[in-house]
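Undergrad: Now for the letters of each chain:
2 protein chains.
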Amino acid sequence: MTENLREFALKHLTDYYDLLRLPSISAQKEALPETAELLVELFNELGATRVEKLGSFESAPAVFAEFKGNDPTKTVLFYQHYDVQPPEPLEKWESDPFEPTIREGKLYARGASDNKGELISRLVLVKYFKENGGLPVNVKFFVEGEEEIGSPHVAQIVQENREKLAADACIWEGGGKNYVDNYQIVGGMRGITVFDVETTTADIDLHSSLASYAENAAWRLVRGLATLRDDTGKVLVEGFYDDVQPLSKAEEEAVFAYDFDLDVAISRAGLRRTLKAEHKLALVNEPTMTINGLTAGYQGKGVKTVIPHMASAKLDCRLTPSQDPKKIAQLIQEHLDKNGFEDLKVRYRLGENGHRSPMSDPFIQLVLAKAKDYYGKQTKYLPNSAGGGPAEVFSNELDLPIVILGVSYAGSQVHSPNEHIRLQDFGDGTQLLGDILVEFGKN
Amino acid sequence: MTENLREFALKHLTDYYDLLRLPSISAQKEALPETAELLVELFNELGATRVEKLGSFESAPAVFAEFKGNDPTKTVLFYQHYDVQPPEPLEKWESDPFEPTIREGKLYARGASDNKGELISRLVLVKYFKENGGLPVNVKFFVEGEEEIGSPHVAQIVQENREKLAADACIWEGGGKNYVDNYQIVGGMRGITVFDVETTTADIDLHSSLASYAENAAWRLVRGLATLRDDTGKVLVEGFYDDVQPLSKAEEEAVFAYDFDLDVAISRAGLRRTLKAEHKLALVNEPTMTINGLTAGYQGKGVKTVIPHMASAKLDCRLTPSQDPKKIAQLIQEHLDKNGFEDLKVRYRLGENGHRSPMSDPFIQLVLAKAKDYYGKQTKYLPNSAGGGPAEVFSNELDLPIVILGVSYAGSQVHSPNEHIRLQDFGDGTQLLGDILVEFGKN
Numbered sequence: 001m002t003e004n005l006r007e008f009a010l011k012h013l014t015d016y017y018d019l020l021r022l023p024s025i026s027a028q029k030e031a032l033p034e035t036a037e038l039l040v041e042l043f044n045e046l047g048a049t050r051v052e053k054l055g056s057f058e059s060a061p062a063v064f065a066e067f068k069g070n071d072p073t074k075t076v077l078f079y080q081h082y083d084v085q086p087p088e089p090l091e092k093w094e095s096d097p098f099e100p101t102i103r104e105g106k107l108y109a110r111g112a113s114d115n116k117g118e119l120i121s122r123l124v125l126v127k128y129f130k131e132n133g134g135l136p137v138n139v140k141f142f143v144e145g146e147e148e149i150g151s152p153h154v155a156q157i158v159q160e161n162r163e164k165l166a167a168d169a170c171i172w173e174g175g176g177k178n179y180v181d182n183y184q185i186v187g188g189m190r191g192i193t194v195f196d197v198e199t200t201t202a203d204i205d206l207h208s209s210l211a212s213y214a215e216n217a218a219w220r221l222v223r224g225l226a227t228l229r230d231d232t233g234k235v236l237v238e239g240f241y242d243d244v245q246p247l248s249k250a251e252e253e254a255v256f257a258y259d260f261d262l263d264v265a266i267s268r269a270g271l272r273r274t275l276k277a278e279h280k281l282a283l284v285n286e287p288t289m290t291i292n293g294l295t296a297g298y299q300g301k302g303v304k305t306v307i308p309h310m311a312s313a314k315l316d317c318r319l320t321p322s323q324d325p326k327k328i329a330q331l332i333q334e335h336l337d338k339n340g341f342e343d344l345k346v347r348y349r350l351g352e353n354g355h356r357s358p359m360s361d362p363f364i365q366l367v368l369a370k371a372k373d374y375y376g377k378q379t380k381y382l383p384n385s386a387g388g389g390p391a392e393v394f395s396n397e398l399d400l401p402i403v404i405l406g407v408s409y410a411g412s413q414v415h416s417p418n419e420h421i422r423l424q425d426f427g428d429g430t431q432l433l434g435d436i437l438v439e440f441g442k443n
Numbered sequence: 001m002t003e004n005l006r007e008f009a010l011k012h013l014t015d016y017y018d019l020l021r022l023p024s025i026s027a028q029k030e031a032l033p034e035t036a037e038l039l040v041e042l043f044n045e046l047g048a049t050r051v052e053k054l055g056s057f058e059s060a061p062a063v064f065a066e067f068k069g070n071d072p073t074k075t076v077l078f079y080q081h082y083d084v085q086p087p088e089p090l091e092k093w094e095s096d097p098f099e100p101t102i103r104e105g106k107l108y109a110r111g112a113s114d115n116k117g118e119l120i121s122r123l124v125l126v127k128y129f130k131e132n133g134g135l136p137v138n139v140k141f142f143v144e145g146e147e148e149i150g151s152p153h154v155a156q157i158v159q160e161n162r163e164k165l166a167a168d169a170c171i172w173e174g175g176g177k178n179y180v181d182n183y184q185i186v187g188g189m190r191g192i193t194v195f196d197v198e199t200t201t202a203d204i205d206l207h208s209s210l211a212s213y214a215e216n217a218a219w220r221l222v223r224g225l226a227t228l229r230d231d232t233g234k235v236l237v238e239g240f241y242d243d244v245q246p247l248s249k250a251e252e253e254a255v256f257a258y259d260f261d262l263d264v265a266i267s268r269a270g271l272r273r274t275l276k277a278e279h280k281l282a283l284v285n286e287p288t289m290t291i292n293g294l295t296a297g298y299q300g301k302g303v304k305t306v307i308p309h310m311a312s313a314k315l316d317c318r319l320t321p322s323q324d325p326k327k328i329a330q331l332i333q334e335h336l337d338k339n340g341f342e343d344l345k346v347r348y349r350l351g352e353n354g355h356r357s358p359m360s361d362p363f364i365q366l367v368l369a370k371a372k373d374y375y376g377k378q379t380k381y382l383p384n385s386a387g388g389g390p391a392e393v394f395s396n397e398l399d400l401p402i403v404i405l406g407v408s409y410a411g412s413q414v415h416s417p418n419e420h421i422r423l424q425d426f427g428d429g430t431q432l433l434g435d436i437l438v439e440f441g442k443n
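Top line first, the protein sequences correspond to chains A and B. No gaps in the numbering here: position 409 of the first sequence is 409 in my numbering, and each next residue is one more. No gaps in the numbering here: position 293 of the second sequence is 293 in my numbering, and each next residue is one more.
Derived from the structure by calculation, the hints contain no laboratory data. Errors might be hidden in some of the hints.
Pair ranges (Cβ atoms, derived) [what the hints assert, rightly or not]:
no.	chain 1	residue 1	chain 2	residue 2	range
1	A	G300	B	T200	17 to 23 angstroms
2	A	E334	B	E99	55 to 61 angstroms
3	B	P152	A	E104	35 to 41 angstroms
4	A	E334	B	K377	54 to 60 angstroms
5	B	P89	A	N339	22 to 28 angstroms
6	B	D243	A	R268	44 to 50 angstroms
7	A	I149	B	L90	38 to 44 angstroms
Glycine is no exception: its CB is placed at the ideal position from the N, C-alpha and C atoms.
Make the full structure from the sequences, and use the hints.
TA: Written as structure tokens, this is what we have:
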């Protein structure tokens with residue numbers, strides 16, 4: 001039934017080039033209403049039964065669309081976003097970032113991978129089924145315009161539109177082929193808590209000749225931070241690991257089978273030191289604590305012999321899906337208080353819950369089976385990625401499994417100049433998605 | 001013999017206003033050759049037997065002058081500088097910083113205290129003796145033009161002009177009345193070693209989702225630095241205190257009699273924490289280690305979840321006069337190496353030896369006795385100040401005692417807007433210096 005989908009997708013890709021031409025850069029609030037409006041038109045053309053803008057109409061509304069399927073009892077929700085990262089540095093692009101260009105089997109444009117190319121794959125999919133017997137199941141689109149600036153309004157929009165967004169399963173954006181070109185499916189994301197640690201020891205910086213009696217904010221910060229983590233990366237905060245939940249046996253096996261080569265990672269980044277022997281398990285199911293930045297005193301050229309009166313650090317903790325971002329920040333403050341560093345103040349900046357759909361969920365199993373049919377048994381499954389994203393509010397509010405799969409590959413240069421996808425991946429990924437919908441309609 | 005010196009000094013202060021009018025800002029290389037040239041003229045007018053520029057003629061030469069005294073077997077060397085700090089912020093000045101102005105018994109100008117006012121005091125002194133029976137002893141002036149930028153050429157100039165500068169004693173610049181208006185004499189300075197500690201853990205910053213295996217330069221720096229000093233301020237580096245030499249009993253008594261009130265220091269700087277009970281002794285004869293600045297990763301607004309690949313700290317150690325700056329930096333590197341932080345590199349920036357003339361030296365005793373005669377027995381003596389300066393090369397190369405005394409007071413706002421001296425201090429300080437020369441000539 002989806003025999004020609006791959007070819008259809010490649011043929012009709014160009015129908016949606018206008019999406020790639022709009023410079024919808026959320027960080028610069030550029031072309032966002034226009035892109036949302038274009039999406040509304042495209043969804044209407046494709047025969048959506050309902051199209052709506054959700055959230056702020058003036059700035060970057062999310063666009064919702066609903067399509068009826070042959071089996072009206074089943075619904076799949078697609079999460080996408082239409083905003084992109086700024087294209088700078090422009091001089092590093094080999095073609096105009098906002099003029100989609102095909103070279104050597106690759107489609108180049110800002111957003112070609114993240115996330116307009118994939119959005120086009122799903123639009124083409126709907127068009128295919130419109131012309132070939134109809135969608136097997138209901139399909140809903142949620143396309144936001146603020147993903148690249150941290151999805152500040154998604155939680156509220158989802159909470160306010162729970163019934164509209166109701167579905168049986170969600171297919172998330174992102175993903176595709178991994179660095180050894182095996183197709184990869186992901187069942188979740190780690191959470192994160194982001195906070196500052198600050199201390200003030202005086203009203204003003206003092207001359208360092210007074211260091212015999214005047215305490216120093218930088219020393220307080222350094223000594224307090226040093227109590228938080230040991231040299232192996234283990235976090236020394238009481239209760240930090242309490243809410244980490246073990247993986248199932250099947251998930252653990254999937255993690256060990258996951259393609260990750262530490263030596264490759266080391267040589268790519270020129271890494272001088274690594275932390276964990278069991279780095280695959282750690283990436284999926286261990287929380288971390290990272291100093292993102294340190295600031296104190298004089299940082300200019302040459303020498304200035306001052307005692308800094310203020311010092312601060314920016315930190316984040318990547319959390320396993322079962323951990324609570326605010327609770328972790330609170331545990332860290334309690335640790336500092338207990339260890340004589342009550343002058344070091346933890347300032348909570350933001351947090352995002354992690355999320356992990358059980359690998360045993362029937363929809364996840366269906367997706368995995370179809371992917372293995374299409375890409376072969378070397379297809380990989382990761383229970384959750386090392387990074388984060390706003391998926392948890394969907395799984396929590398809508399009570400559905402979420403699976404991440406896409407049409408990109410490890411070389412897509414997401415967020416960088418010359419972002420692209422390979423046309424073969426675009427065709428294959430669209431074909432797989434069609435196969436999944438058809439299979440879901442059968443059960 | 002010096003009966004009218006105080007009045008003479010106050011009357012003739014205005015003769016030297018041109019010195020204060022020249023904006024000889026060494027940090028901006030402004031008006032330095034002109035000021036050196038004016039000094040040459042002034043010294044010649046005063047009847048110097050020898051006047052020479054030492055060091056670089058183009059930029060900021062030091063000016064040397066020699067005056068013969070009635071007792072040709074004794075020589076006192078005056079160390080001064082003619083360069084000043086930039087006057088900014090200009091809007092905070094109540095009168096033009098380069099137009100000397102008297103208001104309510106105070107002389108306002110950039111350099112009025114540091115160091116042109118004091119230089120004028122010593123020029124007026126020579127003029128007085130020229131008109132009143134001649135100088136009791138030989139007097140030499142060494143007036144440099146780079147003190148405010150760290151005296152980069154003084155050591156070389158002194159080494160190359162050892163015989164020219166030869167003297168029996170040196171009277172250094174700076175000082176006067178302390179914060180409770182007692183006159184204060186200082187016999188030395190602490191040394192200093194200034195260095196960076198740097199580490200690099202990768203070629204690039206990495207996304208913090210990789211913190212499960214990728215080590216972080218900021219964590220390395222924080223944990224390494226934390227091993228260097230404890231929470232009481234004690235330095236934990238092996239051998240750090242080995243070369244500290246005890247004060248004599250008389251020096252220790254002088255330190256305890258020194259005017260220093262920790263509560264005043266605390267309230268002035270809004271200090272939240274202090275380190276030492278014996279803070280007077282610590283300020284004089286304990287080395288310190290200070291973090292001057294910390295730099296790593298992202299320090300901008302908001303959040304950036306990166307693993308910094310580089311981190312660095314700027315530090316200084318204030319050293320007691322008997323410690324060697326380079327050796328201390330080396331001990332710190334050895335400590336880091338021994339404690340598993342061989343990736344943290346100590347980069348030596350600069351160092352200055354401290355210096356302390358023995359309080360028992362006859363010239364120091366003579367100065368102290370004359371000061372007590374003039375200012376009363378509440379006059380204080382400090383074996384060395386908490387800060388530093390380029391005195392050690394003079395004591396070391398010329399083998400002479402050095403004593404610091406001047407015509408300023410604690411409220412002189414050195415390096416700040418509205419820098420000034422009180423006319424009474426100018427008169428008194430000049431009178432004392434005359435008494436000292438006369439007494440020195442007698443012995």
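Undergrad: If a hint holds in the structure, say so; if it does not, say that too.
TA: Outcome of the hint check:
Between G300(A) and T200(B) the beta carbons are some 20 angstroms apart, a value that agrees with the proposed interval 17 to 23 angstroms. Taken as a hint, the range 55 to 61 angstroms holds for the pair E334(A) and E99(B), whose Cβ atoms sit roughly 60 angstroms apart. Range check, P152(B) to E104(A): about 59 angstroms between beta-carbon atoms, so the 35 to 41 angstroms window is missed. A C-beta distance of roughly 56 angstroms is found between E334(A) and K377(B), which places it inside the suggested range of 54 to 60 angstroms.
Checked against the hint of 22 to 28 angstroms, the C-beta distance between P89(B) and N339(A) comes to roughly 42 angstroms, which is inconsistent with it. A hinted range of 44 to 50 angstroms for the beta carbons of D243(B) and R268(A) is consistent with their spacing of about 47 angstroms. Separation of I149(A) from L90(B) is about 42 angstroms and conforms to the stated range, judged on CB atoms against 38 to 44 angstroms.
In summary, the numbered hints that this structure violates are 3, 5.
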